[in-house]
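Place chain L on chain D using the hints.
Number of protein chains: 2
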Amino acid sequence: MNAMPDERPRLDAEEAATLAGLAARVRELTEAAVLTGVDAAEAAAVADEVAALTARLGAERREFPPFAASPDGVRMDRQLANPVTGPLNPLAPPIELEVTSDGIVRGEFTLGPVYEGPPSYVHGGVSAMVLDQVLGMAAAATGTPGMTATLELRYRRPTPLGVPLLAEAKASRVEGRKVFASGTIAAPDGRVTVEATALFVMPQRFVTSQY
Amino acid sequence: MNAMPDERPRLDAEEAATLAGLAARVRELTEAAVLTGVDAAEAAAVADEVAALTARLGAERREFPPFAASPDGVRMDRQLANPVTGPLNPLAPPIELEVTSDGIVRGEFTLGPVYEGPPSYVHGGVSAMVLDQVLGMAAAATGTPGMTATLELRYRRPTPLGVPLLAEAKASRVEGRKVFASGTIAAPDGRVTVEATALFVMPQRFVTSQY
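Those protein sequence lines, which keep their order, are chains D and L. Using full-length UniProt numbering, read the first sequence as starting at 1 and increasing by one per residue. Using full-length UniProt numbering, read the second sequence as starting at 1 and increasing by one per residue.
For reference, chain D alone in the conformation it holds in the complex (with noise of 0.2 Å):
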């Protein structure tokens, strides 16, 4: 039940873009769909057109989500429809994550309503989500990606909906298969409003790994 890396379709950099373009169409219908206050016929006959350009993409469809078809290295930015980062993924906010020479794994993000908990705040479980990614990310970086083995947040204050967040991380230590990292998002004004420590794993099987 495991897919293996090769089974994956690869998509070159042109095709990449253009798929990153209808992701970012249907990221804009979604928050549109959220947020309408047209009326119940317009939202059913739109609703009905969906359906439609559902199923024109769904003429030709694939059994995996697509990866990058040059990836540099092993990296889990191949996943070209990660929930997090991916461009070619609606659900993504995506946040684009940047790499340092010295393993810092960066990236500005901003949420909008469709990502909210509390009114005008993001929704914790998304915040986790996001800082799970980007140590991941970190843990990637040193050469030993790995699953998620556990991962301890603290929130500090309400991290703010529609304004520049930023997320850092970096990893502390590899030991064999583990990897410890840690990391944090942070609003505009510098300070922190949720901190992360992670363990990651790689699994024995993966050691020529697909991330």
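For the record, the hints were derived by calculation from the structure and aren't laboratory data. Hints are supplied without guarantee of correctness; some may be wrong.
Stretch-level coverage of chain L by chain D, calculated; a stretch enters the list once three of its residues show a Cβ under 8 Å from a Cβ in chain D [claimed, not checked]: (1) 89 to 103; (2) 119 to 129; (3) 150 to 161.
Below, a sample of chain L positions facing chain D; criterion: calculated Cβ distance under 8 Å [said to hold, decoys possible]: (4) 28; (5) 32; (6) 42; (7) 44.
Backbone N, C-alpha and C fix where the C-beta goes; we use that ideal spot for every residue, glycine too.
Chain L only, in chain D's frame:
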């Protein structure tokens, strides 16, 4: 910057059902966009059609996501567009949660390829997001809803995509504005894949809460 509950649009059951249908169609479109294998010209043409539908929905735009018109007490499920449970939010699987008479919150759900982390498995951050919500509902079920203060996750085995998963949680202790809760996600064979414990704290200004 905090939106007070009275500012939120309220939807009656019929309006909510129509918009839930729209969200379900956008959810299907999201999956189709991630898995489509149509050529670039067709993907770009569909993207243009999606943009036109976004414009139609945006003809009347609310400032905030809507709440249910008839809340049954202080409950997070008033949030029709919650990113985990909200039937009106295309990002949400969604998960319909029931609260038993002894305070257990429980819901079955299936996660498709848009929630993928490691190939064929649920993204660790998505499991974290789901558990934050389910434990938060268990906290709210005590009558003391709160914001996440700490969340600790232990990943015992990979969580499979495409099969029915069971999320369960229960509050263990209430101390003033603090509620401790724990819960799990289990695979169809009954084995727990992820365990979580959390502390939720009701902000003092939310004592007549908008959750």
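Here's how the hints hold up against the structure:
1. 89 to 103: holds (count 3)
2. 119 to 129: As far as the segment 119 to 129 of chain L goes, the hint holds, because 9 residues have Cβ atoms under 8 Å from chain D.
3. 150 to 161: holds (count 8)
4. 28: OK, holds: residue 28 (chain L) within 8 Å of chain D, min 5 Å.
5. 32: Residue 32 (chain L) check passes; min Cβ-Cβ to chain D is 4 Å, inside 8 Å.
6. 42: Check passed: Cβ of residue 42 (chain L) comes within 7 Å of chain D, closer than 8 Å.
7. 44: holds, 6 Å
Every hint from the earlier list agrees with this structure, and none is contradicted.
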